[in-house]
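Enquirer: Here is how the chains run, residue by residue.
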Amino acid sequence: MTYALEISALEKTYKGGFQALKGIDLTVKQGDFFALLGPNGAGKSTSIGVITSLVNKTGGQVKVFGYDIDTDLEKAKSFIGLVPQEFNFSQFEPLIHILVNQAGYYGVTKKIALERAEKYLKQLELWDKRDEPARTLSGGMKRRLMIARALMHEPQILILDEPTAGVDIELRRSMWSFLQELNQQGITIILTTHYLEEAETLCRNIAIIDGGEIVEDTSMKKLLAQLDLETFVFDLQDNTTIATLTQFVAQSPTMTYRVIDDHTLEVDLNKSQNLNDIFKQLSAANIEVLSMRNKSNRLEALFVSLINKKSNAAVATQQSAVVGAN
Amino acid sequence: MNNSIALKSILTKEIQRFMRIWVQTLVPPAITISLYFVIFGSLIGSRIGEMGGVDYMSFIVPGLIMMAVITNSYSNVASSFFSAKWQRNVEEMLVAPVPNWVIVAGYVGGGMCRGILVGLIVTLVSLLFVDIQLHNIWVIIATVTLTSATFALGGLINAIFAGSFDDISIIPTFILTPLTYLGGVFYSISLLPEFWQGVSQINPIVYMVNAFRYGFLGISDVSLVSAFAVITFFIVTLFTVAMVLISKGIGLRS
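Sequence order for the protein chains is D and Y. According to the working numbering, the stretch in the first sequence is residues 1 to 326, in order. According to the working numbering, the stretch in the second sequence is residues 1 to 254, in order.
Treat the hints with care, since some could be wrong.
[As the list claims (entries may be wrong)] Which bits of chain D does chain Y cover? Going by a derived footprint, with three or more residues having C-beta under 8 Å, they are:
| hint | stretch |
| --- | --- |
| 1 | 48-62 |
| 2 | 72-78 |
| 3 | 88-94 |
Since the hints were made in silico from the structure, they are not lab data. Note that CB positions come from ideal geometry on N, CA and C, so glycine has one too.
Input sequences plus hints: build the corresponding full structure.
Expert: Below is the structure:
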């Protein structure tokens with residue numbers, strides 16, 4: 001098994017004493033599409049900072065394709081392409097200069113760099129802007145520029161720190177398909193995002209970090225299998241009324257229905273129940289369904305429950321410590 | 001990894017930067033130095049007569065060229081590197097497998113290019129006011145190259161420590177300018193009382209200006225050997241300090 005990334009007992013304590021990483025262990029397989037999720041301040045960006053050598057670690061080990069960043073830093077860096085959270089290019093330089101210079105830092109000749117710049121700028125629909133200073137780009141274009149820049153040395157691992165923040169849904173989806181294509185070409189992708197739908201759609205494996213600790217590290221499939229409750233929303237025919245729906249809900253004690261308005265009904269469904277029973281009940285009550293959708297993002301529900309579980313455990317520990325002290 | 005390509009990339013970026021804003025980087029020194037020539041050279045200089053055995057205008061030309069080289073080498077690296085920190089595009093280099101010496105050499109090389117280019121412009125401007133003599137071209141080339149490297153390194157160290165744009169103007173205003181004015185640009189230090197001649201010996205700019213003046217006029221207040229020894233000492237010291245700071249990530253990595 002080849003690992004693109006191996007992190008063990010990684011620690012980072014900032015100068016003020018804040019411990020951002022408390023000994024995390026993590027592995028990412030070669031070719032994986034990996035999500036690193038966590039609330040704000042959980043340690044995601046610090047982890048990425050250490051991997052890319054923008055943050056000095058205070059303990060532990062990081063290996064990139066087997067190369068330890070303590071002993072083979074330059075070799076380890078050559079595998080990584082980084083798309084950071086904040087815009088970090090010169091606002092005054094034209095796009096083409098930004099890309100060609102970036103490739104040069106990795107030893108790519110100008111001729112090859114110009115070919116790659118053309119390829120990626122065209123793929124990311126920025127070719128027409130190649131001679132414009134970066135400050136003239138829109139937010140979405142700037143995000144795409146950072147992706148193009150990260151690809152200029154054809155990295156084996158692409159790390160994206162919230163790449164679609166502030167990007168409209170259409171553009172976000174086109175970026176998703178671009179990232180999926182890259183992953184299919186064999187590039188290992190590590191993604192942090194606040195859009196949990198993004199992680200659910202793209203990633204095969206996932207780690208959740210909170211308070212500088214990994215609270216979950218598993219496959220997306222296994223994580224979602226933990227979810228035992230989903231909420232569905234039914235949009236109903238115009239001929240239904242509040243009275244009809246209220247009566248229907250009162251006569252259906254086995255299901256948890258909620259009447260939203262005279263044309264909308266919600267139901268919570270656990271693993272032991274199935275959708276056929278709901279359709280049968282609705283049909284028996286002469287309620288016609290126009291459409292149905294899953295109400296909440298499934299991963300979001302799990303994410304919140306995992307983070308809450310950790311917070312509750314911390315509070316319980318504190319309380320027991322206080323009781324013990326008393 | 002081909003370090004020469006990385007070095008060329010940083011150097012190209014630096015040259016593109018000051019050429020893109022040439023009105024801010026190349027024109028002002030030419031205007032400022034022209035004013036010095038008109039006021040100190042033509043108007044006041046004509047009443048002074050000779051200095052060090054040559055007419056005053058010819059005496060101040062090497063010092064004024066050197067002053068422009070020093071100021072521009074320093075400020076180019078200080079402002080460019082600090083801007084890269086401020087805009088965070090310095091991270092482009094930090095995440096790449098670029099050795100620290102290449103980063104230092106690239107930025108210092110960029111500062112030297114601007115310093116020397118401005119020096120050439122000022123030299124051309126001075127031809128409008130005075131016939132320039134060339135006593136030893138190799139001393140001129142060696143002095144201007146090493147001096148621009150020294151102050152480019154100084155600008156880099158200033159930018160590494162700087163936390164705001166104010167911090168990159170403090171050193172030029174309160175240290176560099178006084179040292180330059182007291183560095184024998186406008187007078188021969190032999191005119192000073194003995195005590196102040198001794199004090200001038202600890203000003204490195206005295207050695208740079210005098211070595212440069214020797215290249216043009218064949219006259220100097222200090223020996224060439226001591227001048228090059230002082231310049232080399234400063235280059236080695238400042239390069240070592242810059243390397244240590246970048247290796248430790250001071251002001252760059254958290």
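Enquirer: Which hints, by number, does the structure contradict?
Expert: none
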